[in-house]
Every structure is written in structure tokens, then in C-alpha cells.
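*Asks:* As given, the protein sequences belong to chains A and B, one line each in that order.
At the far end of the first sequence sits residue 543, using full-length UniProt numbering, and the numbering has no gaps.
At the far end of the second sequence sits residue 543, using full-length UniProt numbering, and the numbering has no gaps.
Take these hints with a grain of salt, some might be off.
Pairs involving identical chains hold if they fit within one copy or between any two copies, as the list cannot separate such chains.
Claimed, not checked - Below, computed lysine-lysine pairings styled on BS3-like, alpha-carbon distance capped at 27 Å: (1) LYS540 with LYS154; (2) LYS154 with LYS303; (3) LYS154 with LYS272; (4) LYS272 with LYS460; (5) LYS221 with LYS206; (6) LYS270 with LYS431; (7) LYS154 with LYS523; (8) LYS303 with LYS540; (9) LYS365 with LYS206; (10) LYS523 with LYS460; (11) LYS272 with LYS365; (12) LYS523 with LYS272.
Hints listed in this document are in silico derivations from the structure and should not be mistaken for laboratory results.
So you can see what is in the structure, the chains are spelled out below.
2 protein chains.
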Amino acid sequence: MSGAAHRKNMTFSKCVLCPDGHTPANNRNIDKKSAVSSLDSLRGIVTILSKHQIMNSSDLDLILEKAQEAFVAMNAYALRRRVALMNTIADEIEALGAELVQTAMAESNLPEARLNGEKARTVFQWRSYAQAVENGYSLDASIDTANPQRAVPKPDIRKTNVGLGPVAVFGASNFPFAFSTAGGDTASAIAAGCPVVVKAHPGHPKTSQIMADAISRGVAKAGFPEGTFAHIFTETIEEAQALVSHPVIKAVGFTGSNRGGLALVEVANKRKEPIPVFAEMGSINPVFLLPGKLSTAGAELAKQYAGSLTLGVGQFCTNPGLLITEDNPALDGFIEALNQEIVNIVPAPMLNAGIAVAYRGNREKVIGQSGVELVAVAANEAADGQGAATVATVSGVDFLINDELQTEVFGPFALIVKCRNAEEMLAVTEKLHGQLTATLLATSEDLASRRELVAAIQNKCGRIIFNNFPTGVEVCKSMHHGGPFPSSSNSQFTSVGPDAIKRFTRPLSFQNWPDEFLPDELKNANPLGIWRTVDNEITKAAL
Amino acid sequence: MSGAAHRKNMTFSKCVLCPDGHTPANNRNIDKKSAVSSLDSLRGIVTILSKHQIMNSSDLDLILEKAQEAFVAMNAYALRRRVALMNTIADEIEALGAELVQTAMAESNLPEARLNGEKARTVFQWRSYAQAVENGYSLDASIDTANPQRAVPKPDIRKTNVGLGPVAVFGASNFPFAFSTAGGDTASAIAAGCPVVVKAHPGHPKTSQIMADAISRGVAKAGFPEGTFAHIFTETIEEAQALVSHPVIKAVGFTGSNRGGLALVEVANKRKEPIPVFAEMGSINPVFLLPGKLSTAGAELAKQYAGSLTLGVGQFCTNPGLLITEDNPALDGFIEALNQEIVNIVPAPMLNAGIAVAYRGNREKVIGQSGVELVAVAANEAADGQGAATVATVSGVDFLINDELQTEVFGPFALIVKCRNAEEMLAVTEKLHGQLTATLLATSEDLASRRELVAAIQNKCGRIIFNNFPTGVEVCKSMHHGGPFPSSSNSQFTSVGPDAIKRFTRPLSFQNWPDEFLPDELKNANPLGIWRTVDNEITKAAL
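Okay, chain A solo, but in the shape it has when bound (with noise of 0.2 Å):
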């Protein structure tokens, strides 16, 4: 087999299998021993799917060391060559050409305006974050100066974050451009300072396949290591797992289901060295239809909420698939409307056929709890690989006793909670499990006379809406991605956004560090022009 079949499969610019193709290796920053004993251990095997070749665990080894070579050589870099280097993977992924969307559109079923609207965002995300790094702001940067006079003498400290290492990328189906190989977590990754390996995500490998090859050009255009970026194909979860398992990866960032996340969390901390995985799990994102809203828009609502559930055949982890409300004679109204608009959803493809299976069977779940009705249905019927918009209700008393109804079902499905009153409604919130967003539809007097149960809600979440829908993610600074458990694996990082860089980073401290020494950004002259910390005010300033 030729080294260029290898290079294009394995998207580093020299294929790391054959002997012509690498450069020897440098073991000095692996602990090869203890690697390969926890590989064995895992029976981890990883397969190069397009061309099925065996990947066995030395070769994951191999991918490995070149990353943390990279690391080494890319934490001595200046900050400019980072913010470079991700405005040319940008401007790599927005150069490609038709190719890519027909791809994505044969893999995935999602629709071309809305994938040519996803590579937007996608190279948006590399240049924001460029942008965040370039500015300063993934940095917090700050300095308290010295005080020899002081009884104690105090010293000169300095802080900044640095890279955590070498980072596992687990994508996601329904975003293949923007929250896969190419996604938000590579982005802020390299963002951060660290090299990135993704397992190509198994529902569009073609797609995923195109994107890397855009980074890995961008990567040998700025100049940075092969290592910087690597993309491997993995068929089992024991593959998966012994690349979370290996002692050069330092973090995990994952999109995806909650079984998927969780596994890799539990090998995360039975490593001998525990890391951090940044999984975002989806969440059923409850909307709260509040009393005065309900009696004044109750039909416009309908047709919103309605658009929301059904826009990308339900599948967003922020699809708003539970809706939690007061049962009075406006609700049927609402419901009534809300069954106009269910019923003319024509059904529609999903992303592949194990999502529909998995859809069709969550939501019979779901209706098959006690209690449960179902209320409206798309009437055109779903054939094979379709997901049919669905709407079903369940009482207060029903949900509170039941775990099952909080079942998120990945899909066109909306269960309603009716509560009896304002006390149940608030018993119904305290139960929810975290969420990734809370929406509430109300009017300012539902909010001035709710605030125990706005105050609830927020604690349940991680963005809360008010009178707009979930089903957007801004990309911004202020954006959190993210939640209580089990909508996230850590509630304290978002994965959208410029801030989702932080994830891979740990502050560093100099202490009477000669300033020629520092990095650039905690230096007296302040070269890179950013707003830091300097004893206790925020300034631009030169020391």
C-alpha cells in the first residue's frame, strides 16, 4: 500500500505507518510502556475505515507522540502563528468547493441551505476564536507586582492559561461541519494550544474525511507540526476508548448522546492520570408557558413553538421537547392550534436510519407511560428512516412520579405537562434533571409574580429564554452551551463560544519571573496590546 493512501486516510502530511514516510521517533515524551499496557489492556484496536486497514495500538502511538511533539513545538510558537494558523484552516474550509455540501447533504439527509448556513458558522467559529485568542481574551492575563517593602516581601506574580495537551474530539451526527471533525471543539482546541485527534464521527466519514484534509492543509500552510491535527476512523467502542485511555491525550471534548458521553467519562477517571471530558449530552429544554402569555398569544405560540420542535426534523440538542404549563381552557385553545400545525408537518427524513429507529421507539416509550396522551400526530404517514412530528400530554401528578417522561427523545416529539396550579408547576420544575436551556413564554407580569419558580428555572440550566425559541446557538462570547448534569458533563464550561477555548486550558503562575523570559502576554511592555489584570484594575496599559 502506497505512503500517499496512508497520508490521505490518516490526514498528516507523512503517513505514520510506513517506514518512508515518518521521521524516526522521539519517545523522550511518551511513556510508551505505560501506554501500551493500558492499549492491551483495552484490546484497543483502531481501524482506518476507508480503506479498513488494521490500526493496532502502537500506530495509535505513534499518532500520539507526533501530537505531543506538536504540543511541545507549538507552545514556543509566538500567539500571532496560533490566531494564523486557525484564520487558515477558516479560510481553507470556506475555499471548498460544492463537493463538500453534496457530501454532507448524501451522509446526513439535512438540507442544502441549511448546511451551506452550518459551513458559515463553522469557519465563523475558527475566526472568533482566533480573534479570542489574538485579543487576549482566552488568556486572563494578570499581574500583581512586587512589594519588597512590605513586612513579608511580596513577590512578582504572574498568571496566564496554558494548554492542557493534546485533546480526543468525539463528533457529533447532526452537526457533521460544525460540531465534528472541524466543529467547535477542534477550533477551540488548537485555540487553547492543543493538538487535536478526532474520531471521525461513523454517520458521515466522507464529510468528515473533506474537513480534515482542509486542516491538515491549513496546518502545513502556517507552518505548524504534522501532529497539530489527526483524524482517525474507529469502528468499536473499545477503539474509542483507548484513545481517552492513553496518557498523552490530557481532555475529551464530545458531542452526543448521554450513553456515549457518559462511557467516556467513566474511562476518563479510571485512567491513572484522571482528565476532563467536556461532553454536552443534549437536554429535553423545557418551555414554560406561563398564564397571561397563554391568554393573549396562545394560536401565535403555537405556530412558533410548533416551527421550533419540527425545524431539522427535532434534531438539536436544544429542541424544546417538553413544555410545561397550567391546564385551563386557554390551553386547549393552544393545543388545538398546536394540533393544526402538528398534523401538517410533512414527515421527513432523519439523519440516518438507527436515529428514526431510535426516534420511533423513544417516543412509544414515552406514549406508553401511564398517564400519557397523545394529542397530535403529522398526519401524512413516516415511511422507513422518516421521523412523524408528534405531540402528547401527561398530568403534574403523572410526570412527578415518573423518571421515564424526562427520556429525551431525539426527534419531533413534544410531551406537555399540564399542572394543576402555580404550586405543582414549581413541584414539576424542582424535578427536572439540568438542562441545557429553559425557555419561558410569558408576559413581565408572569415573570413579577413567578420569581420562585424563574429562580428555579435558572437553576436548572444553562441559558434561559425569554418569548424566542431554543433552537438557535448564537456563537458569541456571552453564548453558555451547557448545564446542570446530565446536560453536560460539566456545567462550569460552555462548548460554544469564544469561552469554550477554556476548557483546554489550566492557569500557569510566574513568580519573579525575569521578564525576557515571560510569555508575551504577562511581559511589562505589553507587546501583544491586551487588556489584563494588573494589581487588581483592568488596563492595557505597560507596566
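Dock chain B against chain A, hints included.
*Replies:* Showing chain B alone in chain A's frame:
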């Protein structure tokens, strides 16, 4: 037994055990059923040490019910009230009379001057963390304004940090004030808006009770709910586990041994809802003595190093217990000078008998390893309960193959690793476990010629020190006290300095939220007058 006795022991202003002492329970915020079942499974029985009253699992439930109520209440208060609470607690601690230091001297064997300094440090922590709340640094407030004209309308998104929920704190033996009941973990959790339940350290129970009473007086004077702070005495590991397992607890702060910290991490990970544990578990804090520095300042350095090593009978998590250097003739002079210092150090009482026994045992264990040679020991024999300063050497090769040589010997013990050359020194560095600190004793020429070594050292520690010693941990914004595993369980957060507050917060985003219902820090007018990131610019301006 009188309500008053309970009251004092539990540091609630009202007793939770006696019918006459407490307000009727409001169960709404607690999932009582799951709380009790998880406690039962752990056979959790919490006892009040000072009176040896049995506190069963339902007593713990009551304490945590109060904590949850306080969490809800304190997050509805204006931020300035939290600042006032913290300053009031600082005043109460500052006002404590001679009894505090006298009690701590008796319980910990620490000298008066040290304890007076530690008391001032503790007060400073409360005040400076209050300042960080007041100036908004702990909130990271940011605003991205709406753009309704964009093709896909851009919503208004604003983000602040909110408290995680009630926090369990486990104090340390070696800092009875600054890292115990009223220490940095308690201060930073309250600063984050989280009620605290402290498990009193058994090594200094009376000291802890005096501090707890001061905090409770502060809570009452500031008008905060009684559940804002609770102080419990436990006797077994099961009791500590019951606290960490309780569903109301949302995070843990711990300072102490590796074994203790990891046990809590394990319990926290096994919960139905896993929670973060911020455990600072100590390290051996390598000192790198580079050739240029050794040749120019060997004897002076030996004196300074001996001082840092034996300060406080070596009982600091930042004690520099490992010295890594190159074997050359100048090193013999350094070791001889060090020996001169060490032999003259008079053995002093350690914190308690158990710690003195452990010191001897761990020291003997390291000395007994292959290739280890004793080179200096205090001339005066150590009595029971005392620790004698001790220094040993080992070759780089022996160190590389023996992980036991990285065991923390808590006390005035140092191991000198003699490397054959620069390459071996780099290999030894890369073999090191994660450390709180690393120190370079070096000239500028040493730094310039050893860039690879310096990068490798930075990768192993949370704070890197140049020609200074690690045994002072400055309380300031730029301090990072934490480091890669196993020196801490979470390298991304500090346990010293106002950034420690962020351990107990999570971001919360508000989308399209009405101005009047936003938290003050996110309101258009910026009524708190704090720095905020508005549309990617840092500013104090109103919108």
C-alpha cells in the same frame, strides 16, 4: 439536652434538632426520598464531636435542607449584601481575642507568630474575595447585543456566573485558620453565592468551633439565613461520604492528603448526579538547581533552601521536597553547605503525633529505596512528636525507574536527584507527576540555554518560580495554587486568590431577557459600575 447546647454545637442560630429551636421544615427544594436512600446506603451517621451526640441521616437532611433554603434566599439578594456578609465575617474573625491563637497553639503545636500571621491572612482572604465580588471580577459579565436586521435575527445574549449550590468543605490540618473552617474554600464558596457545610478538622476541633461561631455571628448580623453556614463534626469516612453523597451538595472543596482527596472524588463521581471536587492534595515541589547558578551562588542557595525546606517543620503543601540538579564538583560544595544548615536545625514538634509518625515512616521508606544515600540529618535527636530535618540523594537513573521516590514525605525532608547531564535532567522532569509548584534556581544564561527543560517544567506545575522559594503562597488575583494531577484533582482552578471563587460558579446565559428582570450585573445601565465585555469590547459603559 437544651436547645442552646445544640445551637452552639451546630453553629446554626437556631437548632435543627429540637422542636422548639427550628422553623418548620420546608421540603420543597429537596428530593427527600432520594436523599434518604443514598444516605442509608452509606450507613451515614454524623456525630457532633464536642458532645458526642448521635446525628443520624435525617439530621444531615435537615442541615442540608436549611442550606438549600439559604441558597435560594441568598441568590435573590442584591450582590452588595453578599459583600457585606463577607466583610462582617472578616470583622468577626479579626475581633476574636487571644483565645483563638492560644487554642490553636495547643491543638496544632504551631507557634504564636505564625498563627497571628495566619489569622491576618484569613481575614484578608474574606476581604479580598469580597472585593472581587464587589468589582464583578468573579462574574465575568458579558453582553452581546441583538441584531434584528441580520438575515437570521441575532438575539440579545448576556452571561454571568451563578453559584453551583451548597458546598461541602473539608479543611486541612496544617492551616487551622486559612485552610480550615473559616478558610479560603469557605470564603470563596460564600463569595460565589453558595452556602457552606464545613466538616470540622479533627486535629483542631476547638479552634474550628471558635471560627465557626464567628462566621455564624457574621451570618446573623448580616441578616442571612441560618443555613448559609453549618459546621459539623464527623468521626468516620462514611460520615464524610454521606455529606458528599447528599443530593443537595453541588461541589466539594478539600485540602489535604492524596488518599483523602481521591476518596472524596470517587464518592462524588459515583453520585447519580456527579459533582466537582476541588481537592488540593499537595506535592513534592521540585527545585531545579541549574549549573550556572550552582557555580556562582551555591553556599548562599544552600542556606536559603534549608530555610524553605524546614520552615514550619516542613508542613506545607508547597514544601520543596525534591531538588533536581546535575552532578558536578560544585554540587559537593552545595551539599556540604546544606549539611551544615541541616545539622543545626533543632527538631520541633509536628502538628500532631500521627503526622510525626507518618513523617518518620515515609522518610524511612524513601531512604530505604535502592540507590538512596542519607547525606544530612539534624544533629539533635527528635523526641516523640517531633520531626528531624533530613536530606538524602539518589542518582537520576535510580529516580527514573522508581516511582516510590515521588512519594510526598510531609515534613522537613528533601531528596536530591543527581543527574549525569542535561538530557537526563530533562528525562527526570518528564517523569515527574503533576506538581503545585516548581522552582528554578538559575541564571538568565541557564534559562536561555535550557528552553526545552523550562517548557517541560512548566508543563508539570501550576506555579513556576525563579530564584525564590515556593513556601509562601501569596493571596492575590495572579496566584494559581493548584496544578496537574495528582497535586490537585482539577488543574483548571486555583484554591488561593479571588479566582478560587470561580470553582463554585457556573455560567448562566440570558437570551432576550427583559432588562428589569436581569441580574444587576447584566442590566443596560450597569448599576454596579463593573467591567463587562460588551460586543467583544471590555468596558464599564452603560448600554
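*Asks:* Check LYS272 against LYS460 for me: Cα-Cα at most 27 Å, and say if that holds within a copy, between copies, both or neither.
*Replies:* between (33 Å within a copy, 16 Å between copies)
*Asks:* Checking LYS221 and LYS206: alpha-carbon separation at most 27 Å within a copy, between copies, both or neither?
*Replies:* Within one copy only: 23 Å inside, 66 Å across.
*Asks:* Are the CA atoms of LYS272 and LYS365 at most 27 Å apart within a copy, between copies, both, or neither?
*Replies:* between (39 Å within a copy, 22 Å between copies)
*Asks:* 27 Å Cα cut-off: does LYS270 pair with LYS431 within a copy, between copies, both or neither?
*Replies:* between (30 Å within a copy, 20 Å between copies)
*Asks:* With 27 Å as the alpha-carbon cut-off, assign the pair LYS154 and LYS303 to within, between, both or neither.
*Replies:* For LYS154 and LYS303, only the inter-copy Cα distance (20 Å) is at most 27 Å; the intra-copy one is 63 Å.
*Asks:* Between LYS303 and LYS540, at a C-alpha cutoff of 27 Å, which is it: within one copy, between copies, both, or neither?
*Replies:* This pair counts as neither: shortest intra-copy Cα distance 49 Å, inter-copy 40 Å.
*Asks:* Give the relationship of LYS365 and LYS206 under a CA distance limit of 27 Å: within one copy only, between copies only, both, or neither.
*Replies:* neither (34 Å within a copy, 57 Å between copies)
*Asks:* Within, between, both or neither: how does the pair LYS523, LYS460 come out at a Cα-Cα threshold of 27 Å?
*Replies:* between (42 Å within a copy, 22 Å between copies)
*Asks:* Using 27 Å as the alpha carbon limit, work out where LYS154 and LYS523 are close: within a copy, between copies, both or neither.
*Replies:* Answer is within: at 19 Å inside a copy they meet the 27 Å cutoff, but 38 Å across does not.
*Asks:* Go through the copies and call it for LYS540 and LYS154: within, between, both or neither, with a Cα cutoff of 27 Å.
*Replies:* within (23 Å within a copy, 30 Å between copies)
*Asks:* Is it within a copy, between copies, both, or neither that the alpha carbon of LYS523 lies no farther than 27 Å from that of LYS272?
*Replies:* neither (36 Å within a copy, 46 Å between copies)
*Asks:* Indicate which option fits the pair LYS154, LYS272 if close means a Cα-Cα distance not exceeding 27 Å: within, between, both or neither.
*Replies:* neither (37 Å within a copy, 45 Å between copies)
Comparing the model with each numbered hint stated earlier shows that hints 3, 8, 9, 12 do not hold.
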